Amino acid sequence: MLTRLITPDTRIKYVSLLLHTTLHQFHLPRFPRVSSTLDKSLGKSCLVDGSSETCWTSQQGLPQYIQLVFPSTVTPRRISLTFQGGFVGTTCIVATQCQDTSSWQELTRIYPEDVNRAQVFDLAVEEPVKGIKLVFEASSDFFGRITVYDLMIEGQM
9 MLTRLITPDT RIKYVSLLLH TTLHQFHLPR FPRVSSTLDK SLGKSCLVDG
59 SSETCWTSQQ GLPQYIQLVF PSTVTPRRIS LTFQGGFVGT TCIVATQCQD
109 TSSWQELTRI YPEDVNRAQV FDLAVEEPVK GIKLVFEASS DFFGRITVYD
159 LMIEGQM
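Add 8 to a position in the sequence shown, counting from 1, and you land on the number used in our numbering.
A hint or two may mislead.
[What the hints assert, rightly or not] Derived DEER-like restraints, expressed as beta-carbon distance ranges:
{"no.": "1", "residue 1": "Glu121", "residue 2": "Ser60", "range": "12 to 20 Å"}
{"no.": "2", "residue 1": "Gly69", "residue 2": "Met165", "range": "32 to 40 Å"}
{"no.": "3", "residue 1": "Phe129", "residue 2": "Glu61", "range": "21 to 29 Å"}
{"no.": "4", "residue 1": "Glu134", "residue 2": "Ser60", "range": "29 to 37 Å"}
[Claimed, not checked] Within a straight-line C-alpha distance of at most 20 Å, the following computed SDA-like cross-link-like pairs (lysine to any residue) qualify:
{"no.": "5", "residue 1": "Lys138", "residue 2": "Ser110"}
{"no.": "6", "residue 1": "Lys138", "residue 2": "Thr98"}
{"no.": "7", "residue 1": "Lys138", "residue 2": "Met165"}
{"no.": "8", "residue 1": "Lys138", "residue 2": "Val77"}
{"no.": "9", "residue 1": "Lys138", "residue 2": "Leu159"}
{"no.": "10", "residue 1": "Lys138", "residue 2": "Thr90"}
{"no.": "11", "residue 1": "Lys138", "residue 2": "Thr11"}
{"no.": "12", "residue 1": "Lys138", "residue 2": "Glu121"}
{"no.": "13", "residue 1": "Lys138", "residue 2": "Ser59"}
{"no.": "14", "residue 1": "Lys138", "residue 2": "Cys106"}
{"no.": "15", "residue 1": "Lys138", "residue 2": "Ala103"}
{"no.": "16", "residue 1": "Lys138", "residue 2": "Arg12"}
{"no.": "17", "residue 1": "Lys138", "residue 2": "Ser88"}
{"no.": "18", "residue 1": "Lys138", "residue 2": "Gly93"}
{"no.": "19", "residue 1": "Lys138", "residue 2": "Thr83"}
{"no.": "20", "residue 1": "Lys138", "residue 2": "Val123"}
{"no.": "21", "residue 1": "Lys138", "residue 2": "Gln75"}
{"no.": "22", "residue 1": "Lys138", "residue 2": "Pro79"}
{"no.": "23", "residue 1": "Lys138", "residue 2": "Arg85"}
{"no.": "24", "residue 1": "Lys138", "residue 2": "Asn124"}
{"no.": "25", "residue 1": "Lys138", "residue 2": "Ser80"}
{"no.": "26", "residue 1": "Lys138", "residue 2": "Thr109"}
{"no.": "27", "residue 1": "Lys138", "residue 2": "Ser111"}
{"no.": "28", "residue 1": "Lys138", "residue 2": "Asp108"}
Quick caveat, the hints were computed from the structure, so don't treat them as lab data. None of these values were measured; they are calculated from a predicted model. Note that the Cβ used here is the ideal one computed from N, Cα and C, for glycine as well.
Please model the complete structure; the sequences and the hints are all you need to start from.
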């Protein structure tokens with residue numbers, strides 16, 4: 009049985025690699041910050057708030073990434089992303105971070121379609137991980153902006 013892996017204790021980082029800055033985020037660590045948000049109304053907390061009316065939009069420039077660090081090791085099995093059509097990360101590296109290392113290893117590449125509906129991608133993770141990173145190398149937007157209405161990761165805790 010798969011469960012939602014993003015909890016209030018999950019740390020999420022959003023970074024515009026173009027800006028070369030890293031800022032922590034989210035959902036419930038106390039002082040959320042983000043380096044690449046178009047404006048405050050399109051902030052990081054909107055990425056996983058469960059509302060279909062809110063979203064996170066990056067600034068322009070590629071690559072962009074979303075990095076999640078879980079409070080304990082997990083085995084992710086599926087990623088669900090809902091983009092705004094026209095602002096889709098069309099090439100995405102999914103990388104994982106093992107418990108005993110600080111480096112990221114490419115797990116797979118996914119290629120979301122330029123559509124507004126939820127898109128689900130299965131993952132073949134062999135061992136539990138402490139983090140997962142989505143690196144958007146290409147966007148359907150000419151300026152490289154990405155807009156995500158919902159991000160869900162399911163797997164075993």
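(message) To test your reading of the hints: which numbers does this structure violate?
(response) 6, 10, 12, 13, 18, 20 and 24
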